[in-house]
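Chains as they are written, first to last, in the working numbering: chain A, 1 to 318; chain B, 319 to 619.
Note that these hints are calculated values from the structure, not bench results.
If you're wondering where the values come from, they're calculated on a predicted model, not measured in any experiment.
Treat the hints with care, as some may be off.
To give a feel for the contact side, a few chain A residues facing chain B, derived at Cβ under 7 angstroms [as the list claims (entries may be wrong)]:
#: 1; residue: 53
#: 2; residue: 55
#: 3; residue: 74
#: 4; residue: 76
#: 5; residue: 78
#: 6; residue: 139
#: 7; residue: 161
#: 8; residue: 165
#: 9; residue: 180
#: 10; residue: 291
#: 11; residue: 295
Beta-carbon label-pair distances, calculated as ranges [as the list claims (entries may be wrong)]:
#: 12; chain 1: B; residue 1: 460; chain 2: A; residue 2: 42; range: 41 to 49 angstroms
#: 13; chain 1: A; residue 1: 64; chain 2: B; residue 2: 514; range: 43 to 51 angstroms
#: 14; chain 1: B; residue 1: 514; chain 2: A; residue 2: 2; range: 34 to 42 angstroms
#: 15; chain 1: B; residue 1: 602; chain 2: A; residue 2: 213; range: 32 to 40 angstroms
A virtual CB, placed ideally from N, CA and C, is assigned to each residue, including glycine.
This is what each chain is made of:
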Amino acid sequence: MKHVTIILAGFVSLLLSLYLVSNYEGVYLQRPLWLTLVPVMLVGAWFSMVQLTILADNVTSKLAERFIGVMVPALFAFVLLVLWQLTVTGFSVPKVLLPAPSTILTTFVTHIDVLSKDFAQTWLKAVLVGWIIGCASGFIVALLIDGSPFLQKGFLPVGNIMSSIPIVGIAPIMVMWFGFDWQSKAAVVVIMTFFPMLVNTLAGLQARDSLHLDVLQTYACKRHQVLWYVQLPAALPFIFNALKVNSTLALIGAIVAEFFGTPIVGMGFRISTEVGRMNMDMVWATILVAALAGSISYGALALLESKLTFWHPSRRSK
Amino acid sequence: MKRLTHPLSIDSLKNSQPAALLLVLIALTILWYLAAFWLNSDLLIKGYERRGMTWDVSRLISDAYSMKRPLLPTPDQIGYELYKSIFETKISSKRSLVYHSGITLSSTLLGFLLGAFLGIVLAIGIVHSRTLERSLMPWVITSQTIPILAIAPMIIVVLGAMNFTGILPKAIISMYLSFFPVTIGMVKGLRAPDTLHMELLATYSASPEQTFRKLRWPSAMPYLFASLKIAIAASLVGAIVGELPTGAQGGLGSRLLSGSYYGQTIQIWSALVVAAILGSVLVALVGYFEKRVNRRMGITG
């Protein structure tokens, strides 16, 4: 009963805070007393998250557990957003420094046409093409090297070193070589995604069970059959790991490369010009697009992974 | 029976790591020279034709390898530039790469320390509280799918406009990049102890704090160092990208940008090489500390 009261008090103070802030901008500057609502809200939110967690651990239905599993982090994010909104409007922080979430959302909705053109230029062209070429070539080179321990010994250290250095730095060089349009960005993405894929695929192809190899040997299997039936399935978790890491790297590479020169469309271009014009809400709306694109592609790959590697020991144990 | 091989026979060469690495490196160098010739000759031929000069292949080759602003400089040009800007210029000079590396290094290390600290604190919280695990963990993972690195330069410009300059803004970006591997690694590491050991401590009625100090923390060490290696490399990337817009303030990133503005490809490449060396040295340094800690804990190998 005690917890319910705390949660209710937190909920009420949350609504009250939002109401206050949306009606009187800079309310905390004039009447600092209203700030006391914020800790109440935080404590209430924390207790409701604790209660939800306990509920999730004790609930029997799988669907309900999954639903609560989504609810807890959603609540967490919501409270953070509310805090952000309260801070920005309550203290009337200048829009140049940090726009409120509501402003960003409005800009996102009203400028959706510009943003979608930028998205098409940066993501559908540079990121997608570069990601596919980079991952495919890394995969193919790994397959070729896998047969020869000698080449492996030579390439693995190079690959490891390349993954510890800031490859983003080649962006200006690629812009010089391939021009201002999306081809140069795709080139940066190819180079950034190549090495993680190479190193991971090599590690994955080595992760096969020697017992399985012996079985295939007794069946007199050919090399490509060993590859198809044992090595590739064993390598799948590693390959997906690289694909997921690369999906984020690719977006970063394409946007950074656009800072060095681009036609008048693209997410990196939008960010750099709107910063110059101090239109921070547009910058944040572009960041929102980037965040959505990054999370959705990562999530889609994770989903595909769980569909393809459900049999793998690392998944079954869960 | 094991076949005896002479130390320098073909077989032993085939199995030696340095030989393989050397061969790959030689092949890459040859490829580099060929690519430099191929990329630069186009530009040169156009230049010859414009000036109506007669040219032959040997002239083309020697020119392609000694251009002032080549599309792709050769390794020896980069090596000479490195030598010039590291040993022949004073360290305090703006042309010295040591000076710029120092700036990058300071924000890298600060960001790395902040990130490692934040990562460990988050991991401790996540391991000890189910609620934190359920609410925070999904966002820790989501945070890395957001291409923050791409907007990092802009954050620094804005913070700079608010008179918030120096190494701290860059360090914050490094921190954002480096906390993630530490959190993930440490959550795994702090959960690594055997159930048997945990139960033993429970029978001693050890407090969570004692369990943490005597069991969880020591058994997390291998995970900590593995993730610190990733974190320090990521931190360097963050620092360099953060320096891109701060041209005047120095740092390897600003060398990249000014090189790209003025078409100084040799300058870009030498900054890249220094960044690569810096990255490998930092990772090696973490590896050195890992070895020392392992030795003190009695773990060999």
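A quick look at each hint next to the structure:
Here the hint on residue 53(A) is kept, as its CB sits about 5 angstroms from the closest CB of chain B, short of 7 angstroms. Nearest Cβ of chain B to the Cβ of residue 55(A): about 11 angstroms, over the 7 angstroms cut. The hint is violated. Taking 7 angstroms as the C-beta cut-off, the interface hint given for residue 74(A) is violated, the closest approach to chain B being about 9 angstroms. Taken as an interface hint, residue 76(A) checks out: its beta carbon lies about 4 angstroms from the nearest beta carbon of chain B, inside 7 angstroms.
Nearest Cβ of chain B to the Cβ of residue 78(A): about 11 angstroms, over the 7 angstroms cut. The hint is violated. At a threshold of 7 angstroms, the smallest CB-CB gap from residue 139(A) to chain B is about 19 angstroms, leaving the interface hint violated. Because the closest C-beta pair between residue 161(A) and chain B is about 6 angstroms apart, less than 7 angstroms, the hint holds. Proximity of residue 165(A) to chain B holds as hinted, the smallest CB-CB distance being about 4 angstroms (cut-off 7 angstroms).
A hinted interface residue such as residue 180(A) counts as satisfied when its beta carbon comes closer than 7 angstroms to some beta carbon of chain B; here the least separation is about 13 angstroms, so the hint is violated. For residue 291(A), the interface hint holds, since its Cβ comes within 7 angstroms of a Cβ in chain B; the closest pair sits about 4 angstroms apart. The closest approach between the C-beta of residue 295(A) and any C-beta of chain B is roughly 5 angstroms, which is under the 7 angstroms cut-off, so the hint is satisfied. A hinted range of 41 to 49 angstroms for the beta carbons of residue 460(B) and residue 42(A) is inconsistent with their spacing of about 21 angstroms.
Our hint of 43 to 51 angstroms for residue 64(A) and residue 514(B) is violated, since their Cβ atoms are close to 34 angstroms apart. Separation of residue 514(B) from residue 2(A) is about 38 angstroms and conforms to the stated range, judged on CB atoms against 34 to 42 angstroms. Here the CB-CB span from residue 602(B) to residue 213(A) is close to 35 angstroms, well matched to the stated 32 to 40 angstroms.
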